[in-house]
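> On the provided structure of chain A, position chain B as indicated by the hints.
Residue-level listing of the chains:
Number of protein chains: 2
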Amino acid sequence: MEPEALGYGPRGLQSGTRDETVIERIFQQIRAEGETARVDIARNLGISAATVTTITADLMARGLIEETAARTTGTVRGRPRVALRLRSQAHVVAGLKLGDRMTTLVLIDFQGRQLAETAVPQIAHFTDTGSIVRLIEKTLDLGLAQAGLTREDISAIGVGVPGFVDARAGLIHWSPLLNDRMVPLRALLEDTLNCPVAIDNDANLLALAELWFGVGRAIRDFIVVTIEQGVGMGIVIGNRLYQGTRGCGVEFGHMKVQPEGALCRCGQRGCLEAYVADYALLREAEMALPHMTTQPQDRLDELFAEAKAGNLAARSIFRRAGRLFGIGLANIVNIFDPELVILSGEQLRYDYLYSQEVREMMEANSLVLGHPPVELRLHKWEDQLWAKGAAAFAMDRLTHRLLVGEQEYA
Amino acid sequence: MEPEALGYGPRGLQSGTRDETVIERIFQQIRAEGETARVDIARNLGISAATVTTITADLMARGLIEETAARTTGTVRGRPRVALRLRSQAHVVAGLKLGDRMTTLVLIDFQGRQLAETAVPQIAHFTDTGSIVRLIEKTLDLGLAQAGLTREDISAIGVGVPGFVDARAGLIHWSPLLNDRMVPLRALLEDTLNCPVAIDNDANLLALAELWFGVGRAIRDFIVVTIEQGVGMGIVIGNRLYQGTRGCGVEFGHMKVQPEGALCRCGQRGCLEAYVADYALLREAEMALPHMTTQPQDRLDELFAEAKAGNLAARSIFRRAGRLFGIGLANIVNIFDPELVILSGEQLRYDYLYSQEVREMMEANSLVLGHPPVELRLHKWEDQLWAKGAAAFAMDRLTHRLLVGEQEYA
Chain A
1 MEPEALGYGP RGLQSGTRDE TVIERIFQQI RAEGETARVD IARNLGISAA
51 TVTTITADLM ARGLIEETAA RTTGTVRGRP RVALRLRSQA HVVAGLKLGD
101 RMTTLVLIDF QGRQLAETAV PQIAHFTDTG SIVRLIEKTL DLGLAQAGLT
151 REDISAIGVG VPGFVDARAG LIHWSPLLND RMVPLRALLE DTLNCPVAID
201 NDANLLALAE LWFGVGRAIR DFIVVTIEQG VGMGIVIGNR LYQGTRGCGV
251 EFGHMKVQPE GALCRCGQRG CLEAYVADYA LLREAEMALP HMTTQPQDRL
301 DELFAEAKAG NLAARSIFRR AGRLFGIGLA NIVNIFDPEL VILSGEQLRY
351 DYLYSQEVRE MMEANSLVLG HPPVELRLHK WEDQLWAKGA AAFAMDRLTH
401 RLLVGEQEYA
Chain B
1001 MEPEALGYGP RGLQSGTRDE TVIERIFQQI RAEGETARVD IARNLGISAA
1051 TVTTITADLM ARGLIEETAA RTTGTVRGRP RVALRLRSQA HVVAGLKLGD
1101 RMTTLVLIDF QGRQLAETAV PQIAHFTDTG SIVRLIEKTL DLGLAQAGLT
1151 REDISAIGVG VPGFVDARAG LIHWSPLLND RMVPLRALLE DTLNCPVAID
1201 NDANLLALAE LWFGVGRAIR DFIVVTIEQG VGMGIVIGNR LYQGTRGCGV
1251 EFGHMKVQPE GALCRCGQRG CLEAYVADYA LLREAEMALP HMTTQPQDRL
1301 DELFAEAKAG NLAARSIFRR AGRLFGIGLA NIVNIFDPEL VILSGEQLRY
1351 DYLYSQEVRE MMEANSLVLG HPPVELRLHK WEDQLWAKGA AAFAMDRLTH
1401 RLLVGEQEYA
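In order, the protein sequence lines correspond to chains A and B. Numbering-wise (this note's numbering), the first sequence opens with residue 1 and increments by one. Numbering-wise (this note's numbering), the second sequence opens with residue 1001 and increments by one.
Okay, chain A solo, but in the shape it has when bound (with noise of 0.2 Å):
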């Protein structure tokens, strides 16, 4: 995280799908570099100089960009030259990452810059939907008063939410916050908020703020793998967010490590989050502890001190869960040969998910042929930062509707 970011946004984007256009990836040109001057954006993007010209004065006209003097870099000599950037104040948008002990917003401006962060303590475990709504109002109002905005600067919402959700069709089908199925939370926000909202899996937006504001900038092809509640993962290849054919997008807690194994909360057997996730840990706490004392939000981290201080069968509890974590990290490594895997969410507080036997449980199960292992990276437990891609991903909804207009969600 660049504290003043001069830049944001995926980078080599002017490579982007067939259905891009020029303005979009003279746009995003503009947003990765931070600043840039018309003849850099027409050589790099190899288009003709007349072209940016008459785009980038129609963005401007519309308020979207706007000229600054260029930084000067080296020693360039006569008149400074004019380079283009977004317009700040063109547009604030909001993201929100929803957890099960805390709502996190950030808000940001049309250059990529916090305005605000705040985050809101409460415990949602198969709650309704009415009240995750107005948990994400109440939530939304502090950070406006924070930045001493009000609901009607905001230009596009971005909410993050953990289960499966579809984000193409707005829909949560499944969410262990949430005690509905099939939720389409994006209509009953924008109704609420009047305001257009994009949601996601919470793991994809993680990924996505490494992507725009984070190793992205500097990595092509990266995953992230979260565990919190659940399993997560969101792949970033060729500096795009992989989000699969149908818009679930991938998902790593279900790959089956054993077959016919322990019962998953899917209905499956054998799902790597049967192992590894909270409720797979504690379902087998009493027997390590049979006569626990502590709230059930607090279980987890009792029986993480009982491993701690020496119980063999609390151990027993987190050493299957790292030993299976590592297979399935080896799995993943297999079959995309990433340069660097990021381990990020809740549960890495307890170390037996990033110790050296996961690694080495990793290392072993991986093909090698004379390369380095693969580098695993940890994030540490930071949800600004989910709720930071939360609003990239409202950033590039918005983005689209400004440039493109109204279309089919792509």
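Keep in mind that the hints are not guaranteed to be accurate.
What the hints assert, rightly or not - What follows is a set of in silico ranges between Cβ atoms, one per label pair, in the way DEER data are often shown:
| hint | chain 1 | residue 1 | chain 2 | residue 2 | range |
| --- | --- | --- | --- | --- | --- |
| 1 | A | E375 | B | E1360 | 58 to 66 Å |
| 2 | A | E375 | B | P1184 | 41 to 49 Å |
| 3 | B | E1360 | A | E137 | 25 to 33 Å |
| 4 | A | T192 | B | R1081 | 33 to 41 Å |
| 5 | A | G405 | B | S1088 | 56 to 64 Å |
To be verified - Derived, one-sided and incomplete: chain B residues facing chain A with beta-carbon distance under 7 Å:
| hint | residue |
| --- | --- |
| 6 | T1054 |
| 7 | A1057 |
| 8 | M1255 |
| 9 | V1341 |
As the list claims (entries may be wrong) - Beyond 12 Å from chain A on every Cβ pair, some chain B residues (computed):
| hint | residue |
| --- | --- |
| 10 | V1039 |
| 11 | D1141 |
| 12 | C1195 |
| 13 | Q1258 |
| 14 | P1296 |
| 15 | I1335 |
| 16 | M1361 |
The set of hints was computed from the structure by calculation and includes no laboratory data. Remember, predicted model here, so these are calculated numbers, not experimental data. Virtual Cβ for every residue (Gly too), placed ideally from N, Cα, C.
Chain B alone, transformed into the frame defined by chain A:
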């Protein structure tokens, strides 16, 4: 496979990587369309008509493309529109697939038309490197004679090899065909044949064949799974072959489907291949057929006939392979959410690998979420298609050299 293919090569590559030059994008557009007018190129790529005119004039001067009267579509009147197409006689490339029973070759011209096809039967299994090189020479010369060409007429050669192949380094880490490891096959062949050579894993090249000539003409994201001596996989995402960060591509056969399970020839345990590959089936065959009489290369057929005839042990061998294959496929489907999975390879003559039970196992272990299950399509064993993928790979590298010059392998 269109018999009289107009256009070949991946589509949508005007949106290539940021390294792709304008000349490459224009060339690829012409190749993908078969025939296309300058005005359509400019419109589709979002570049100026002047640039298209300059670059296509250069391509014509170099003999790579030519003008042709465009096929009339609709009721356009007046003078016929002039279209551009690749010049068929500009270059010829060869593609070979090395198998354990057969070496297959195709020759294609610059327009992607097949000029010759030939196959040389042999038993190659842990052979020495010199014999493999001579086998390639022999097959190449047979194909050239068929087409009335000589070695001097060939501009590039692509070779698909089973095993762990580092395409970037032109190195075979390990292959069931070779008794050597770390074989620099690309360099050896280039010295022998005096022609640029590209090598890759054969499953990758089958995916490339589907991308350039087959289903990839219509589908953006798909997966090819091959079962022969081992289990291979090629992944096409966004009209591109995904090769991983380190160039060794994706590995499906060594996905762990059973922790601490059966020993794999890679030295690890519980790999899918250790249950599904030829050797995995045969090492249990003595339990079912203690008095096998057939030659080693026919034993799998014998085992399969026994299973069909009701031998319970033989049936159990195939049944377990099929069930674990279904779980492996489900893992891949959960991760990639592809539009289509294509099964191919010699071993599919044994129907247990695409039986109803495998499909059910795959579907039972996939997250469905209201979508129809992924399409599973069988492309029967056809070595010529693999060879065509190798030719596509050679053509891709050749084109890059012609348009951009000798550069680091990208």
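> Hints first: check each against the structure and report whether it holds.
To see whether the hints hold, each was checked on the structure:
no.	hint	in the structure
1	E375(A) - E1360(B): 58 to 66 Å	39 Å, violated
2	E375(A) - P1184(B): 41 to 49 Å	27 Å, violated
3	E1360(B) - E137(A): 25 to 33 Å	45 Å, violated
4	T192(A) - R1081(B): 33 to 41 Å	54 Å, violated
5	G405(A) - S1088(B): 56 to 64 Å	42 Å, violated
6	T1054	11 Å, violated
7	A1057	17 Å, violated
8	M1255	5 Å, holds
9	V1341	11 Å, violated
10	V1039	15 Å, holds
11	D1141	33 Å, holds
12	C1195	27 Å, holds
13	Q1258	6 Å, violated
14	P1296	27 Å, holds
15	I1335	5 Å, violated
16	M1361	10 Å, violated
Violation of the numbered hints given earlier is confined to hints 1, 2, 3, 4, 5, 6, 7, 9, 13, 15 and 16; the remaining hints are satisfied by the structure.
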